[in-house]
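Chains as they are written, first to last, in the numbering used here: chain A, 1 to 293; chain B, 1 to 293; chain C, 1 to 293; chain D, 1 to 293; chain E, 1 to 293; chain F, 1 to 293.
Bear in mind the hints are in silico, worked out from the structure with no lab data behind them. A quick note: this is a predicted structure, and the numbers were derived from the prediction, not measured. Please note that the accuracy of each hint is not assured.
To be verified - Lysine-lysine pairs mimicking DSS-like chemistry, simulated, CA-CA at most 30 Å apart:
1. K76/F / K114/F
2. K70/A / K156/B
3. K156/B / K76/B
4. K15/B / K76/D
5. K15/A / K76/F
6. K114/C / K76/D
7. K114/E / K20/F
8. K130/E / K156/E
9. K114/E / K15/A
10. K131/C / K156/C
11. K131/A / K15/B
12. K70/C / K76/D
13. K70/E / K20/F
14. K273/C / K15/C
15. K273/B / K73/A
16. K15/C / K273/B
6 protein chains.
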Amino acid sequence: MKDVNMLIEALPYIKEFHHKKIMIKYGGHAMIDEAAMASTARDTVLLKYVGMDPLVVHGGGPEITRAMDKMGKEPKFIKGLRVTDEETIEIIKMVLVGKISTNIVSQICLHDGKGVGVSGKDACLIRATKKAANKVKDDETGEEELIDLGLVGEVKSINAGLLEMYTDNDLIPVISPIGVREDGTTLNLNADIVAGEIASEINAEKLIILTDVPGVLRDPKDPNSLIQKIKLDEIPKLIEEGVITGGMIPKIETCVTAIENGVQSAHIIDGRKEHSLLLEVFTTEGIGTMIYK
Amino acid sequence: MKDVNMLIEALPYIKEFHHKKIMIKYGGHAMIDEAAMASTARDTVLLKYVGMDPLVVHGGGPEITRAMDKMGKEPKFIKGLRVTDEETIEIIKMVLVGKISTNIVSQICLHDGKGVGVSGKDACLIRATKKAANKVKDDETGEEELIDLGLVGEVKSINAGLLEMYTDNDLIPVISPIGVREDGTTLNLNADIVAGEIASEINAEKLIILTDVPGVLRDPKDPNSLIQKIKLDEIPKLIEEGVITGGMIPKIETCVTAIENGVQSAHIIDGRKEHSLLLEVFTTEGIGTMIYK
Amino acid sequence: MKDVNMLIEALPYIKEFHHKKIMIKYGGHAMIDEAAMASTARDTVLLKYVGMDPLVVHGGGPEITRAMDKMGKEPKFIKGLRVTDEETIEIIKMVLVGKISTNIVSQICLHDGKGVGVSGKDACLIRATKKAANKVKDDETGEEELIDLGLVGEVKSINAGLLEMYTDNDLIPVISPIGVREDGTTLNLNADIVAGEIASEINAEKLIILTDVPGVLRDPKDPNSLIQKIKLDEIPKLIEEGVITGGMIPKIETCVTAIENGVQSAHIIDGRKEHSLLLEVFTTEGIGTMIYK
Amino acid sequence: MKDVNMLIEALPYIKEFHHKKIMIKYGGHAMIDEAAMASTARDTVLLKYVGMDPLVVHGGGPEITRAMDKMGKEPKFIKGLRVTDEETIEIIKMVLVGKISTNIVSQICLHDGKGVGVSGKDACLIRATKKAANKVKDDETGEEELIDLGLVGEVKSINAGLLEMYTDNDLIPVISPIGVREDGTTLNLNADIVAGEIASEINAEKLIILTDVPGVLRDPKDPNSLIQKIKLDEIPKLIEEGVITGGMIPKIETCVTAIENGVQSAHIIDGRKEHSLLLEVFTTEGIGTMIYK
Amino acid sequence: MKDVNMLIEALPYIKEFHHKKIMIKYGGHAMIDEAAMASTARDTVLLKYVGMDPLVVHGGGPEITRAMDKMGKEPKFIKGLRVTDEETIEIIKMVLVGKISTNIVSQICLHDGKGVGVSGKDACLIRATKKAANKVKDDETGEEELIDLGLVGEVKSINAGLLEMYTDNDLIPVISPIGVREDGTTLNLNADIVAGEIASEINAEKLIILTDVPGVLRDPKDPNSLIQKIKLDEIPKLIEEGVITGGMIPKIETCVTAIENGVQSAHIIDGRKEHSLLLEVFTTEGIGTMIYK
Amino acid sequence: MKDVNMLIEALPYIKEFHHKKIMIKYGGHAMIDEAAMASTARDTVLLKYVGMDPLVVHGGGPEITRAMDKMGKEPKFIKGLRVTDEETIEIIKMVLVGKISTNIVSQICLHDGKGVGVSGKDACLIRATKKAANKVKDDETGEEELIDLGLVGEVKSINAGLLEMYTDNDLIPVISPIGVREDGTTLNLNADIVAGEIASEINAEKLIILTDVPGVLRDPKDPNSLIQKIKLDEIPKLIEEGVITGGMIPKIETCVTAIENGVQSAHIIDGRKEHSLLLEVFTTEGIGTMIYK
């Protein structure tokens, strides 16, 4: 290498985000493929070394299903809705905290970052309440019925002080998205939402969500139709037009809430592309979709 | 209650151990029975509130076997020795970090302690090396063979600074006994030994090992033959006489090493008795066996 | 001792008052009887060791009279009102600061507490103004006359920073209730009021006044008629009904003012009963009368 | 005033003693005469304001005798030696801590210094042991007898940390020379020696002893025969020659010990002369006798 | 010296200005005459040693003209107004920062003060904007013309944090009055105004301007007609009456602004008189003119 | 830019030099050409932002000659040796401190670094002694004569604490190589040596000297004959062989001394090549010559 121009080009971003908190949601490909996870972990460590304060929230997805299969635990459905019973939450805890989180920590440490696994139960990091029962209409009788989804929760409050202890000590917290209810029981939480809530609570500069799509596409079939930047007030129209749709809607909503709570920008990027994290942080055009105020 | 005399009796101990670190190894009954774990957790929190700095290391035992059964993973033996392969260490991690540790944290938090799960991999808390292969004599051929026990390790170094961050912030670390090898792989560790090594490294005042026996018994069949105090130099004779025997030997060795490294006293107590932890700390005669210099 | 249940019962109180300031007014029996003072001092040290921040204000009473007798100084009265002249205040200072305070400090240190005598003059801890002259009606002429009580003062301001220096350094300040006037002269102060004013100023959790009565009694002749809890707004009626009467009125007023200034609860307890201090702090029903908002 | 030359002349001394500790023993005239005490207090405050850290130890002398007289307590002698019984030590405490110390604190505060009274018992500032019994020869029988002087002590250790807390908080500690024995009883101490021991323990720059003589005089009858400077090794000869004699010998010995323990210089000055303290600190020739290494 | 009364007289001032910031503008004689500069530097160091925080801003004047002469650079005038071109500002920088500032630092260090040269460009201490062009009427045509004075600026903002770093570390900053424009170019600034602006920004207690006149004189021809104190609201009248006139007007305006921004008093004193600085600070009547609110 | 690989390649260096001090000597081209200086300043700021602590020492060279020319000051020679008289040192100060240092500070600030000019006289940063007179042989008479080089000095001690204050506050000190003699006079110093001495004193990780040559060349005529790495013990041979020669010898000696005093590596690089500083720090092969132990 005889070319340091990239460093020079990165300098404005390094300056801008100096000592700023960057909340990164690991998900999709970056959670499944080992090489992808290693690469993402290394990029995260790099952010730390050039002076930012990255924090990680991870999801679980396929690993949980796989573990349940292995343990012969069949998913439970009521009226088509998946229900989290005690046995399931126990498996979720084991996979999220015991497997995925320790693996990410491992990768971060291998790249000389000081990763530390933190579950939502540690020092009551994430206090949660049980989600209200869902109303479901019986197709035959037409009557509405309340379906209790079991041990699924909603974030009530975040112990931001605990996370500051980690970042102040140059550690990179890797947060498992479970919550603790008043009575001590564990509740399963949506990882995107946890990332967004924490980003808000700790005054993060950025919320970056790693996914398996290039970002928001104007035409979902055309990967070249990426919308690079979306202003907050353009979002309702994009939903109405069907550009933002399906599983992208809750992600976008998480971004919107975070920005409304003071996060400077939220990013949905493709975790499958190498260095997508760095390209999003260190380049003007970025690589995915940025939501801003 | 109109009797505060116990508080008065406890005062000398509260003074003596003020701001001292107490390393507690949770094991046996206290790990299996939920009520026992809750009670032990509450006692641990009490130590914190009266001014000491408790740290917890937990074992795994039966939970791991149970999880392996559930996952249809059969234990692997070579020449009668159990071998830890990659699949097994993955299950161990899930059980220790994802299940047992979070459960203890839960119990501690329920009693208003600020428990935090810490695996040996967090910020490379426990660096370990692979255990040397065991020499085993083939009964038939009489030849010695080296049996590699797989992913089983020995403690190489402890990141005491990380643990001090926790105690300085009034948190109670709950440590899972796994180690990280140079190349990042996870190694299974003996929980007693981990407790002893950490106790030495952090200059703990006491090392307390919760077991399912009353302590060292002069006559194993007579629970009333408890030896309350053993001076370090009496131990070789007690082993020779067969008083200390079997599974008690490695526990005693761990105690000896800890004391030789500066821990003031080591205690083997019966976790099945209620408040055994408090009785051992706050009473002169204690409840189990104390090893001292 | 094989019973640690009292510790378990005390735990909720230990938690609740962790790092909270407890202002204790030593008076009555606890100031006269040496064993009682020793016992009270030990209980005060215990509060410190289980994590609270006790501060002591002491009274003087009989000791002052005794010293005056010894020095052949007759109390001076004008129209039946006791007057504090310069010689008297000099004796008061010697008794409070040189005798009682050092004795309490002695007892606290003997129980491994770090007691430190602090007079109201130290670094102008208590600035005071001279009390306005009392109006007294001449029985014969029916005319009102102003009687100057001499060197008796009212608290003007408290140097809370000085007291924080002591508690931050794990010292237990033992405060003598004298004040310093603008011109440097010493003024005699009411110890109960000083305790109340300081409790307010340092945001104490509790104000505990040790007396020689069981607390507020519904029927003064029946020691079993103790009122355990009085809500602030019940007090006017209790005074009206003659339940709170005589010397109890100013004590209650001190409590009321303290609570109105943010102290959580005020307690009037019987210093003659052993461990009354601990029983009041560590039990639900307490032993005396608690005033609360 | 249109002449600031004195300030300019004082500058080198102000620089040299910046943030240095100056231990001042108040004694003689400066303890009896109110104006002298006020003047000395003001000079002490001035040292503080120009950047030094003055500490005060005071003596007692005539005040104690006067108080004993008043209380009808006759001094007790055995074989011509004064004995301190319990009643006496009680009076000593009252006079030193309750009267003299508070008066000095008063004077310091009046000149905007933050004086704080500290007795040797506060947080066990001065631990002491009982002085060994004196051997006395019976004039008649010629036999030696051991006379127990009662509650008289020798300094065993100083809690320097407590004094640093005061100086770090810009307070001027005013120390009463009593000590605390292992069992908590109070012992009377020689104030000069206490000043010397503390000076050594806190690494004071100077020990200044205020007396009622001009310093060491070559000819005691000629006040103009003052010896301004004495090198440590000249002292034995001066004692031998009878220049240093009587009550001056223990004072000089205190100085010698202090210097041997690291104090830079010790000064014996005339407290009766106005501003003797300032003249000694801020002028080359000084006003009394300086002992140095 | 046997007279320390001056120290006693200075004490109230030393107390009053303890840890207060004193902004001193060096100018006139004190900048030209080496002995005067040395004397002023020593007086400044004395302020530091007796507990104040002096900061220095210096002017340039004749030194700049001399350097320009030497370098053969002729001053440039347009329509009678002096214009600062690039070559001139380069010379100004060299003289202010490289010569005058280092000389003052030298003098301060020689008197054991820790002087540090700080230019307005260091860490952007003084951000400035270019002064608007001056309107000048052509005498012949009567038309107004805008004359650009070149690299002359006005203070926009002060980096007070940088100056606090110096004073917190017991350093005496010696500030050169140049500013930095957005684009990095250097602008020449009026030293009096810089001193005033900094005094306001750092909440200085005093602003002292050293000049070559005794202060404000009621009759400029009579040096005995000095006005010692001027209340802020008397100033307009004094200007109207022609008492404050010519070059004194901008100096007074600087003082007024500083006081309006919270500086307690501003002083115009005669730097030619020895110890004028000390006499102004340490005496009631002072030596020059004091402006106050 | 869609390529962040350079960042990834730089990561190991960023990690290795995290919070390490890098002493950079600006010289040659980088001091003359404005674009080169700007580029070097930006690279220096980049080092800061990625977590290192750069410090700058600058030289003077041609600027001084130019300024002397302009001021009509002819260089003075005695027996062929240049002599620094008072007028010359005055010009040197103006150029180094007033011109070059402020220009570098300007460039650093323009790139969002917080540069601060520091002369060797500030708080006596560099104490120096006058260089001993040179012995010179008179060609004619053959006699040796001592030629006093005037105000030229040698470094005696460095105030490392001052520099730490700057780096601790995230400032980049730009140091002018002049020293202060006991009597306060300024001495001219060799900038390379100053850089080396400071690097030693502050425990710098690297000393980097920017020059106008590619490094040490095996064949001075062949720029492709660069020696990339020289071990300390190879240097004597390289000097003997004439590879290291002329002006390179003192530079190499400075490097050797620095490394012997604990600096990890010293680098001689070509300041004319763009980003030579970054290429040397962030690449394995570097761009110039590295000296190491």
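Exercise. For the pair we were handed, K131/C and K156/C, check the Cα-Cα distance against 30 Å.
Key: holds (11 Å)
Quiz item: Do the alpha carbons of K70/A and K156/B lie within 30 Å of each other, as the hint requires?
Solution: Violated, because 34 Å separates the two Cα atoms, which is more than 30 Å.
Quiz item: Does the alpha-carbon distance linking K114/E and K15/A stay inside the 30 Å limit?
Solution: Roughly 33 Å separates the two Cα atoms, so the pair is violated.
Quiz item: Is it true that the CA of K70/C sits at most 30 Å from the CA of K76/D?
Solution: Roughly 18 Å between the alpha carbons, so the hint for K70/C and K76/D holds.
Quiz item: Within 30 Å, alpha carbon to alpha carbon, are K76/F and K114/F?
Solution: violated (38 Å)
Quiz item: Hey, K114/E versus K20/F, does the alpha-carbon distance stay inside 30 Å?
Solution: Holds, at roughly 27 Å.
Quiz item: CA of K131/A to CA of K15/B, is that 30 Å or under?
Solution: Given pair K131/A, K15/B is violated - Cα atoms ~47 Å apart, limit 30 Å.
Practice problem: Please work out if K156/B and K76/B have their alpha carbons no farther apart than 30 Å. | Solution: Judged against 30 Å, a Cα distance of about 26 Å means the pair holds.
Quiz item: Given the hint that K273/B pairs with K73/A, does the C-alpha gap stay at or below 30 Å?
Solution: Answer violated: K273/B to K73/A is near 36 Å, above 30 Å.
Quiz item: Is K15/A close enough to K76/F, meaning Cα to Cα at most 30 Å?
Solution: Status violated; Cα separation ~48 Å.
Quiz item: Are the Cα positions of K273/C and K15/C separated by 30 Å at most?
Solution: Since the Cα atoms of K273/C and K15/C sit roughly 25 Å apart, the hinted pair holds (cutoff 30 Å).
Practice problem: With a cut-off of 30 Å on the C-alpha distance, tell me whether K15/B and K76/D pass. | Solution: Between K15/B and K76/D the Cα gap is close to 42 Å, so the pair fails against 30 Å, i.e. violated.
Comparing the model with each earlier hint shows violations of hints 1, 2, 4, 5, 6, 9, 11, 13 and 15; every other hint is respected.
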